[in-house]
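Line order of the protein sequences matches chains A and B. Reminder that position 280 of the first sequence reads as 280 in this note's numbering, one-by-one numbering, no gaps. Reminder that position 100 of the second sequence reads as 1100 in this note's numbering, one-by-one numbering, no gaps.
Hints in this document: simulated from the structure, not taken from any laboratory. For glycine and all other residues, C-beta sits at the position ideal for the given N, C-alpha and C. Do not rely on the hints blindly, as some may be mistaken.
As the list claims (entries may be wrong) - Quick look at which bits of chain B chain A covers, simulated, 3 or more residues with Cβ under 8 Å:
id	region
1	1103-1110
2	1123-1136
What the hints assert, rightly or not - 20 Å max Cα-Cα, derived EDC-like pairs, lysine to aspartate or glutamate:
id	chain 1	residue 1	chain 2	residue 2
3	A	Lys150	B	Glu1112
4	A	Lys40	B	Glu1112
5	A	Lys168	A	Asp75
6	A	Lys168	B	Glu1024
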Amino acid sequence: MRIGANFGIQGDLRMAREHAQAREAAFPDRLWELVDATLKRWVLGVQEYFVLTGKAFRAIFARPFYWRDTLQQMDVIGVGSLGIVLLTGLFTGMVLALQSSIEMKKFGALIYIGRLVGASAVRELGPVLTSLMVAGRVGSGMAAQLGSMKVTEQIDALTVIGTDPVKKLVTPRLVAALIMVPVLTVIMDVVAILGGLLISVLKLGLTADLYLRGVYQTLAQSGFVLGYLPKDVVSGLVKPFFFGAIIAMTGCYFGFQTRGGTEGVGISTTRAVVLASILILATDYFLTQILVTILFE
Amino acid sequence: MAASVDETRVAAGVRRGEGAEGDERVLIALRGVALSFDTTEVLRGIDLDVYERETVVVVGPSGAGKSTILKIILRLLIPDAGEVVVEGREITRMSFEQILEVRRKIGMVFQEAALFDSLSVYENVAYPLREHMRLREGDVEARVRHALERVDLDFDELGDRLPAELSGGQKKRVGIARAIVHEPEILLFDEPTAALDPVTSATIVELIQRLQAGLEVTGVVVTHDVRVASRIATRIAMLRDGRIAFLGTPEEVRRSDDSYVRLFFFG
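So here's chain B without its partners, still in its complex pose (with noise of 0.2 Å):
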């Protein structure tokens, strides 16, 4: 399946990529959704649903937008117009406290990983477990430890440390384990191996890879990197003029005659 703008906006949150895996239980939905930012047109009403346990990774050209869809799904923004729903709850208009309880099954690793840099780097993973849950100091240390072997690092070694004393591929994993430590249910990567050596960034998709797998949580990742979306996407949505002008398996991207397309990915 590979659709054309119009084709994409009628049949987005109908039908799925083939090779698409999970049930087909829509986890996050936009419909219209448009954002200006004075008087930039960023979003145009896109489209989009997300089915569970499955990765959705946007790519477009830098400015196009797909760093604002994440900001929108977690409402860090709230569109002109459209709808966000999230786990079958429309977000845009709730409350702060109703939008903290849909945050906290919300996951985000942040381009540059976002760090709290006064937290060593247990603090850092051990936050989201303070702020959500009330465990003891033991239990926490217990799935700080956790959540950092399943992003190999050693808790010994780094979890007195502070962030500015890790390397970018470092606090990159502290990201992603800060991310995961309260076992979210969405998993949201804005730009993972930007900024990072090729040999970092394949060891980066690997682990995003494994945590698919072993965590089965439902990822939209957003990359300019074309190799990185083919890698991990269950499906692909490119980002175009501030809507989606394809959306379909990496498969269906190879097989893809759209001119514009096949600039993007093959050069």
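So that you can see chain A by itself, here it is in the shape it has in the complex (with noise of 0.2 Å):
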């Protein structure tokens, strides 16, 4: 008698071996399962991202228009986000001549800070750091609020009553978005540029106005669209577009997705913000690859 073998433990064994061989005999085809269904799911729920924006989008010009919910979400995005726009637009000015100043000192080329802090803020910095932040503070408030009202049945109700959830809840978030993030983007540009005067001023010993007319060179070199817009300025000023629409339909599609409780509202919040980021620091290349295609070259 082999040990064990009273308790049904060779039994046990011979099982779990027969189970684990059955399972790696099967490993290719449950592997090739998972990814059909994993891609299958990431196809469906980009339809569906596209579906949301589409219905968005087009619900901007149908009556009823929730003018109070959009004034509201104005004030939640652009008011709301004022602070944290301010700050980080100084510090990154600030920082920015900063760094800059240590190799530019190495061939006497502080004149031109105001240049170099003048082209990144307006260029990338301002539209770019402007729509993280604001993907950070509001997208991950939207999907929080959208959720937490899915999980609770609230959308149900609207829908029940007789409200379409998607004119009520989604486009005002996209407007107020498609407004407001523009807006902020022109404060974090002029803070920005205030933030590198006030080192380049106080700390590089640069006069104001050489640090201004490098800033004002830099944009004027590029060329004017209409004859009075610097390029780099409407360059700076048609992402934040695309970024404000990242911001709200991300936040609004992972709001609308959330199963399971308060820990579904946890999940939708933490995966709108990453993939907003993502996808900003995305569309940012192509965007700019199309821009410097159609007004610098």
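These two chains come separately, so use the hints to put the complex back together.
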């Protein structure tokens, strides 16, 4: 008699071994099923994201208009994010001036600090940092708020009462983001340039006039659209429209997709911020490529 | 009339239990309704007719698909197969605008009230009126006051409060007030006494009975509480394995010799 036979252990071991062999034999099939299911889920998610976006844009031009909700969301996105945008802009401009001065001093090019800070802030850092900050602050809030409404059946209640939840909840957020993210970007640009000015004057010994002239020259040298709008500014203001749409739609999409109570709300919030940030950075590359081709070549 | 599974499917929509009141117009009809979530079959061919001014209570164990039936009637969910007819109109293939028209005739009381947490009690109850009717503010206030009085809530005391400041029972009452404020023809209740203490449960049941008598609406109530079902039902439909396993009046439930029905209702 083998050890353990009396207790059925041998039988259990044999069953476990057979089970493991069966799993091993079925491994490629199971792997394929897993990949297949994941891909289908991913493609379906992308499709739903774009369907929701299309519905939200169409609803902008159809009655009823929820003006009060739109103004409320503009307040949440615009006024609510002002503090963080001001701080981010100020410190970004200051750091940019300080860091670049180390290298530029070696070549006696400190007078070009204004050009560097101006171009960096208006072309790239303003739109991208503003959008990332708003995505973190507002996109997560949208996902959490709509997610809570979803799990507590408030969205179902809206639907039952006869309200289109996309029109009532998504479109006002989308419109508000389309308006307020560019406005915040302009504020961020200005504050970042002022931050650079502060360091240039107080720490690097440049005059304000020299610094600001550098900012103007870099914006002017790329040329103007319609005779008076610097191309850099146009380029920096086109991007935030797209980023605003990404922030609102990603937050709302994950809010609507929320399942499973408070834990689900947390998961949706995290996913909304992560995906919005990735989409902003990736879209920034493609938009830059397109804008460079259209405006600068 | 105590029906087995197959008898019920054949008979649904054709006959009613004894003691049923009101005329014989079918207001809601489910015909062969089936629905799956992923690979799980939740409903496997539901046949159920709800007649005007009767209250059908759907009972069954957790996860049996009771709330799913309400969502199908509201077309919050579209069945994989079968027909759903509300007031003589098949709703599963309706356009969004058409279904909004149907939904305006329905009031729904959600399990946890589903009050809009950013709106006051007054604004919550007034919401359906503002969405569906062009009323002067004075008329809106009068209707909201009346709806709150019907559910024994004091407009002046609670009107300005937010849902977070209400007790569970008060929330449920506000949810009922919101559902009846636009005077719907059909009232749906999803677990009206869930998560309430026995005393509050009893008052909610009494309130539902009063509303049934006063408003003469057609009702579909989903509950797992068999005492609630017995008190408010004209007929009771019992779900099991995605099908209606029993359909009859409370009296027929008491007389039933079906072992599962007896186990479910009498322990």
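Can you give the numbers of the hints that this structure goes against, from lowest to highest? 4, 6
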